[in-house]
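Asker: Read off the chains here:
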Amino acid sequence: MVSAASNIDVSNESIIKMEGVDVVFGRNRVLRRIDLNLAQGETLAIIGESGCGKTVLLKTIIGLLHPTRGSVYFDGRDLGRMSEKELNGQRIRFGFLFQQAALFDSMTVAQNIGFSLRQHTNKRAEEIREIVSARVAEVGLPENVLGKKPAELSGGMRKRVGLARALALEPEIMLYDEPTTGLDPIMSDVINELIINTRRQHPVTSIVVTHDMRTARKVADRVIMLFPLSRLKSGEPQIIYDGPAERIDDAADSRVSQFIRGEARERLMEMRRINGR
Amino acid sequence: MRGGPVGAMVDWVADWISDFGAVLLDWTASLGSIAIFVMRTFRWLLGRLPKKETLTPNFYEIGVLSLPVVALTGTFIGMVLVVQSYVQFRNMNIEAKLGAVINMSLVRELGPVLAATMLAGRVGSAMAAELGTMRVTEQIDALITMGANPIHYLVVPRFLACLLLIPSLTIMADFMGVAGAFFYAVYLLDIDMYHYLENSRHFVGGFDLFVGLFKSLFFGAAIALIACYRGFNCEPGAEGVGKAATAAFVHSFVVILVLDLLLGIALDGIYYTIWPEAPKLL
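Sequences listed follow chains L and Z, in order.
In this text, residue positions in the first sequence follow this note's numbering: the first is 1, and each later residue adds one.
In this text, residue positions in the second sequence follow this note's numbering: the first is 1, and each later residue adds one.
Keep in mind the hints are simulated off the structure, nothing from the lab.
Glycine included, C-beta positions come from ideal geometry on N, C-alpha and C.
Keep in mind that the hints are not guaranteed to be accurate.
Stated by the list, open to error - Keeping only pairs whose Cα atoms sit at most 27 Å apart, straight-line, the calculated BS3-like set for lysine-lysine is:
no., chain 1, residue 1, chain 2, residue 2
1, Z, 97, L, 149
2, Z, 243, L, 85
3, L, 148, Z, 97
4, Z, 51, L, 149
5, Z, 243, L, 148
6, Z, 52, L, 123
7, Z, 97, L, 85
Claimed, not checked - Some chain L residues well away from chain Z (every beta-carbon gap over 10 Å; in silico):
no., residue
8, 36
9, 75
10, 78
11, 89
12, 149
13, 243
Claimed, not checked - To give a feel for the contact side, a few chain L residues facing chain Z, derived at Cβ under 10 Å:
no., residue
14, 25
15, 73
16, 94
17, 101
18, 104
19, 106
20, 146
21, 186
Construct the complete structure from the given sequences, taking the supplied hints into account.
Answerer: See below:
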C-alpha cells in the first residue's frame with residue numbers, strides 16, 4: 001500500500017489497535033466503544049469539533065490516560081497489562097508533540113531537546129550536542145536558539161522545538177496534538193511540511209489530532225472523525241467517518257460535510273434548541 | 001421535599017448527613033491518594049537515586065538559598081525572646097538564668113520550627129506552584145511520554161533536598177538565635193556574661209540539640225511531600241496554581257505543629273526512659 005500524502009510505503013501490519021475503548025471521567029463519558037487500527041507507516045488524522053475527545057484518544061494511546069473499558073494494543077501487546085517500567089520502555093518508542101509544546105520552562109532549548117538522550121542513552125555530551133544541533137536544523141531553527149529558554153520563543157518556534165524534542169530518540173510513532181492550533185497560516189503550513197518531512201526522513205507512523213482540515217488533507221493518508229457523545233443517540237458509533245483523506249469531501253454523513261465546510265448555522269440552531277431558545 | 005416543620009427538619013438532617021458523607025468520602029479519597037503518592041515516592045527513593053545534575057540544583061535552591069533568610073529570622077527570634085522574657089526574669093532576680101531558658105527553647109523548639117516554617121514558606125509554596133504550573137502546562141505529561149517517571153524526576157530530588165538539608169538550616173537557626181539572644185542579653189541588657197554562659201552550658205545538653213535536629217527531619221519530609229502532592233494535584237488554570245501554593249504552605253504549617261507536639265511528647269518519653277533520674281518539667 002502506498003501513502004497518498006507522501007508516496008511512502010505503508011505496511012498492512014497493525015502497530016496500534018484499540019478495541020472497544022471507553023474513557024469516563026467521573027460521570028462524564030468522553031469516549032465510547034472506540035475501535036481503531038493503525039498500520040505501520042500510516043499517517044492518521046483525527047478530526048472533530050472541540051471537546052469531542054480527540055486529545056483524550058491520543059493520550060489513551062500513549063498510556064497517559066487509561067481506558068475505563070477496552071484495550072489498547074501496541075505492537076500486539078496490551079498496554080493495560082504492562083508494568084510501569086515496561087510502559088516507560090514502550091513510551092520511548094513514541095514522540096509526542098503537545099498542543100502548547102509543553103517545553104520544560106526551567107531548561108534551555110538544547111536541554112529540552114537533549115532530555116530523552118540524557119535519560120535513556122549513554123551518549124557523551126558531545127554526541128548529544130551534535131544530535132541536538134541536527135534536530136534543530138531539521139526543524140528549520142537557527143543554532144542560536146539552543147541557549148534560549150522556552151519563554152523567549154514565539155509560538156511557532158516553540159512548536160518546532162517541541163517537534164525536535166519529540167524526534168530526538170528517533171521514535172517509531174509520532175503523536176501530534178493540534179500541531180497548528182494558534183499559528184498563522186504560513187507557520188501552520190511550515191508545521192505541516194515538517195510533519196511530512198519527518199515522515200520522509202524517519203520511518204514513522206503518525207497520528208495527527210487536528211480540527212484544521214487543511215492539515216488533515218495535507219499530511220494524512222486516512223482520516224477519522226469523532227463526534228461528541230453528548231450529541232449522539234444511544235448506540236450510535238462515535239467515529240462517524242473513517243476513510244481516505246482525499247475522499248472525505250464525498251462523505252455521506254451530513255455532519256462530516258458540515259464540519260469540513262465549517263458550517264455554523266445548523267450547529268447554532270441545534271445549540272439554541274438544546275438551550276431552549 | 002416534605003411539608004410542615006417536621007418535614008423541613010427531616011430534610012435538613014438528610015441534607016446534613018449527605019453533605020457530611022460527601023466530605024468524609026472526599027477526605028478518605030484524599031488520604032488514600034496522599035498515601036499512594038508517599039508510597040510511590042519511597043519506592044523510587046529506595047529503588048534508584050536521581051542523577052547528580054538533577055539533585056544539585058534542588059539542593060542549591062532549597063538549602064543554600066534558604067540559609068540567609070533562616071539566619072536572619074533566627075537572629076531576630078533570639079533577640080525577641082530576650083526582650084520578652086527579661087522583665088519577668090529581672091523581677092525575680094534570675095536574669096542570669098535567661099540564657100538557659102532561651103537557649104533551651106531555641107534548640108528544642110523554635111530553631112527547628114522556625115527553619116521548617118521558613119522552608120515551607122520559601123520553598124514549599126514555590127515547589128507547589130512550579131509543579132502545579134508543570135501539571136497545568138502538560139510538562140508533567142511530557143515527562144511521562146518521554147519515558148521519565150515524574151515522581152523519580154521531580155519529587156525524589158526535592159524530597160531528598162528538604163530531608164537532608166533541613167538539619168543544616170535548623171543548626172543555622174539555632175546558632176543565629178543563640179548568638180542574637182547572647183548579643184542582646186550581654187551587650188545591650190548588661191547581663192553578666194559568665195553566668196549567662198554557665199547557665200546555658202549547664203541546662204542545654206546534647207540530647208536537646210538531638211531533639212531539635214531529629215524533629216527537623218520529619219518537618220523537611222512533610223514539607224516536601226505536601227508541596228509536591230499539592231503541585232501534582234493542582235487544579236487547572238492560574239487560580240489552581242495559586243490555590244496549590246497556598247494550600248502547600250498552610251497544610252505544611254499545620255502538619256509541622258502537629259508533628260512538633262507528637263514528637264515532643266515521644267522524645268520526652270524516650271528521654272525519661274533512658275535517664276529516669278532526670279528532673280521532670282511537670
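Asker: Now tell me, hint by hint, if it's right for this structure.
Answerer: Now for the hints, and whether the structure bears them out:
| no. | hint | verdict |
| --- | --- | --- |
| 1 | Z:97 - L:149 | violated (57 Å) |
| 2 | Z:243 - L:85 | violated (33 Å) |
| 3 | L:148 - Z:97 | violated (59 Å) |
| 4 | Z:51 - L:149 | holds (22 Å) |
| 5 | Z:243 - L:148 | violated (30 Å) |
| 6 | Z:52 - L:123 | holds (16 Å) |
| 7 | Z:97 - L:85 | violated (60 Å) |
| 8 | 36 | holds (19 Å) |
| 9 | 75 | holds (16 Å) |
| 10 | 78 | holds (19 Å) |
| 11 | 89 | violated (7 Å) |
| 12 | 149 | holds (13 Å) |
| 13 | 243 | holds (29 Å) |
| 14 | 25 | violated (13 Å) |
| 15 | 73 | violated (18 Å) |
| 16 | 94 | holds (6 Å) |
| 17 | 101 | holds (9 Å) |
| 18 | 104 | holds (6 Å) |
| 19 | 106 | holds (8 Å) |
| 20 | 146 | violated (17 Å) |
| 21 | 186 | violated (25 Å) |
Checked against the numbered hints above, the structure breaks hints 1, 2, 3, 5, 7, 11, 14, 15, 20 and 21 and satisfies the rest.
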